[in-house]
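Trainee: From first to last, the protein sequence lines stand for chains A and B. Following our numbering, the numbering of the first sequence begins with 19 at its first residue and continues without gaps. Following our numbering, the numbering of the second sequence begins with 237 at its first residue and continues without gaps.
Hints are not guaranteed to be accurate.
To be verified - With a straight-line cut-off of 20 Å between C-alpha atoms, the simulated DMTMM-like cross-links for lysine to aspartate or glutamate are:
hint, chain 1, residue 1, chain 2, residue 2
1, A, 105, B, 431
2, A, 77, A, 91
3, A, 77, A, 112
4, A, 88, B, 245
5, A, 77, A, 119
6, A, 105, A, 91
Claimed, not checked - Counterexamples of contact, computed for chain A against chain B with all Cβ distances above 12 Å:
hint, residue
7, 72
8, 74
9, 123
10, 128
11, 140
12, 141
13, 222
14, 230
15, 274
Everything labelled a hint here was simulated from the structure, so no lab data went into it. Positions of the beta carbon are idealized from the N, C-alpha and C atoms, including for glycine.
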Amino acid sequence: MRLVSCLPQTLLALVTAALLTSAPARAEDEITLFAAASMTDAMTDLAAAYSAAGHPSVKLAFASSSTLAKQIENGAPADLYISADLKWMDYLAERQLIVAETRSNLAGNALVLIAPLGSAQAAAADPATLDWAALLGADGKLAIGDPAHVPAGRYAKAALDFLGVWQLVESHAVFAGDVRAALTFVETDEAVAGIVYATDAAISARVAVVGSFPTASHEPIVYPIAVVAEHDRPAVRAFLDFLLSGEGARILQHYGFVVPARSS
Amino acid sequence: MLLSPDELEAFLLSLRVASIAVLVGLPPAIFCAYALARWRFPGKLLFDALVHLPLVLPPVVVGYLLLVLFGRQGPLGQFFSDWLGLTFAFSWRGAVLAAAIMGFPFQVRAIRLSLEALDPGIEAAARTLGAGRLDVLVSVTLPLILPGILAGALLCFAGAVGEFGATITFVASIPGETQTLPLAIFRAVQSPGGEAAAARLVLLSVGLALVALAASELLARRWKRRFLG
C-alpha cells in the first residue's frame with residue numbers, strides 16, 4: 019500500500035531526472051544545418067571535414083526544401099538552411115526568418131534523365147530530341163519529385179513543358195516525396211526512367227545518365243544558403259565561411275555541383 | 237466546406253483503399269488470431285513476432301520492403317503479375333496492400349483478445365450437442381467474438397486511412413491512383429499557399445474518423461442488445 023501511494027512521486031522524480039539529464043547542454047558552438055535532400059552526400063562529407071579540422075561538430079538534417087522551410091517556420095532549431103530552389107528561401111525571407119545579409123548562392127546543379135543501369139532505356143540520348151513515347155512504352159513509369167512541392171519535380175515538369183512533352187508523359191509520371199525517393203524508384207528498376215539532379219545520378223552506381231536537359235528548359239538550379247534568424251552566432255558564421263571557401267567548393271565540385279564564381 | 241475535385245478524389249480513394257484493406261485483411265487476421273489464441277505449435281513465438289512486425293517497424297521500412305518484394309522486379313511482384321495479372325507498384329492496389337499490412341497487427345490483436353476472453357466451455361458444449369467443428373466456428377465462435385472483429389476492423393480502417401510512410405515509399409503519390417488523404421494533406425502542407433486546402437483535408441479526416449468511431453460504437457451496441465438481451 020505504501021509502495022503504491024508513493025509511486026506517483028517516484029515516477030515524477032524519475033521523469034524529472036530524465037528530463038534534466040537529457041536536456042541538451044546546448045553547446046554554444048554546436049551547429050545544426052538543414053539542407054535539401056540532394057545535398058545529403060556533399061554536406062555529410064563537408065561536415066566531417068569541418069569537424070576533422072578541429073572545429074565543432076555539425077548536426078545535419080536532410081529533407082525536401084519545403085519540409086525544412088516549414089519546420090524552420092515552426093521554430094525548428096536550425097542554424098543554417100540550404101534550399102534546392104530560390105522559392106523556399108524567398109518564402110523564409112518574406113517572413114523575416116533568415117538573416118538577409120548572410121544569404122548567397124552556394125552551388126548550382128543540372129537536371130538529368132536517368133534509367134536503370136543496363137536497361138534498354140539507358141542508352142545515351144538527348145532529352146531535347148528524345149522519342150518519349152518509345153522510351154516509356156505502354157505503361158513504363160517516369161519517376162520525378164512531386165511538382166507541387168519538390169523543387170526537382172518542378173524543374174522536371176518545367177523542362178518537359180518546355181520540350182512540349184508534358185502532356186504525353188504526365189500519365190506515366192510517378193510523384194515522389196523528394197528527389198532521392200525518385201532516384202530509389204529508378205534504382206530498384208520500378209520506374210523505367212526518372213528525372214533527378216546530376217549530383218544524385220553521380221552518387222548512384224545503379225543508374226545511368228541518359229542525357230542532360232538543356233539549361234534553357236528550366237530556371238537555373240541554384241542552392242541558396244542563409245543563416246536562420248536569431249541563430250546568427252560566430253560559430254555559425256565560421257561554418258558558413260568554410261562552406262563558401264575554396265575547400266568547401268572543392269568538395270561540392272567533387273559531388274558534381276557547380277560552384278559559382280565568388281567575389282571574395 | 238467545398239472540396240476541389242482533386243481533394244474529393246483523394247477522399248474517395250482513401251475510403252476505397254481503407255475499406256478494401258480491411259476486407260482483404262480480415263480472413264487472414266481471423267486465422268492468425270485463432271492460431272495464436274488456440275493452437276500450440278513450434279515457432280509460435282516467431283509467428284507472433286512476424287504478425288506484429290508492421291507495428292514496430294518504421295513505416296518507411298515496410299514501404300521499402302514492399303517495393304523490393306512486390307515491385308515489378310520483386311519476387312512476389314513477379315509472381316502476382318505472372319500468375320494473377322496483378323501489379324502493385326504505383327497502383328491503388330499497392331496502396332491497399334500497404335494499408336492492409338500496416339493495419340494487420342491491429343486486426344489480429346483485437347480478434348485474439350476477444351478469442352482469449354471467450355470461455356472455451358461454450359464451444360465445447362456446442363460440440364457435445366452435436367455441432368461440427370465448422371458449425372461451431374460459424375454459429376458460436378464468430379458471433380461471440382464479433383465485437384472484437386468489429387473493433388479490429390475499425391482500428392485497421394482508421395490506420396489504413398492514416399497510412400502515410402509505407403504508401404508514399406511503395407507507390408509514391410499519384411493523384412487519383414495512390415494519393416490518399418494523408419498524402420494529399422502532406423502535399424498541401426508542403427506547397428506554398430496550400431494551408432487552406434490542408435485545413436479542409438484535415439477537417440475531412442477528423443470527420444471521417446469520428447464517423448467511423450460512432451458507427452462502430454452503434455454496431456457494438458446493437459450487437460449487445462441482440463445477443464445479450
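Trainee: With reference to the structure, classify each hint as holding or not holding.
Mentor: Each hint, compared with the structure:
no.: 1; hint: 105(A) x 431(B); in the structure: holds (17 Å)
no.: 2; hint: 77(A) x 91(A); in the structure: holds (19 Å)
no.: 3; hint: 77(A) x 112(A); in the structure: violated (26 Å)
no.: 4; hint: 88(A) x 245(B); in the structure: violated (26 Å)
no.: 5; hint: 77(A) x 119(A); in the structure: violated (23 Å)
no.: 6; hint: 105(A) x 91(A); in the structure: holds (14 Å)
no.: 7; hint: 72; in the structure: holds (35 Å)
no.: 8; hint: 74; in the structure: holds (30 Å)
no.: 9; hint: 123; in the structure: holds (20 Å)
no.: 10; hint: 128; in the structure: holds (23 Å)
no.: 11; hint: 140; in the structure: holds (15 Å)
no.: 12; hint: 141; in the structure: holds (20 Å)
no.: 13; hint: 222; in the structure: holds (16 Å)
no.: 14; hint: 230; in the structure: holds (24 Å)
no.: 15; hint: 274; in the structure: holds (25 Å)
When each numbered hint is compared with the structure, violations occur for hints 3, 4 and 5.
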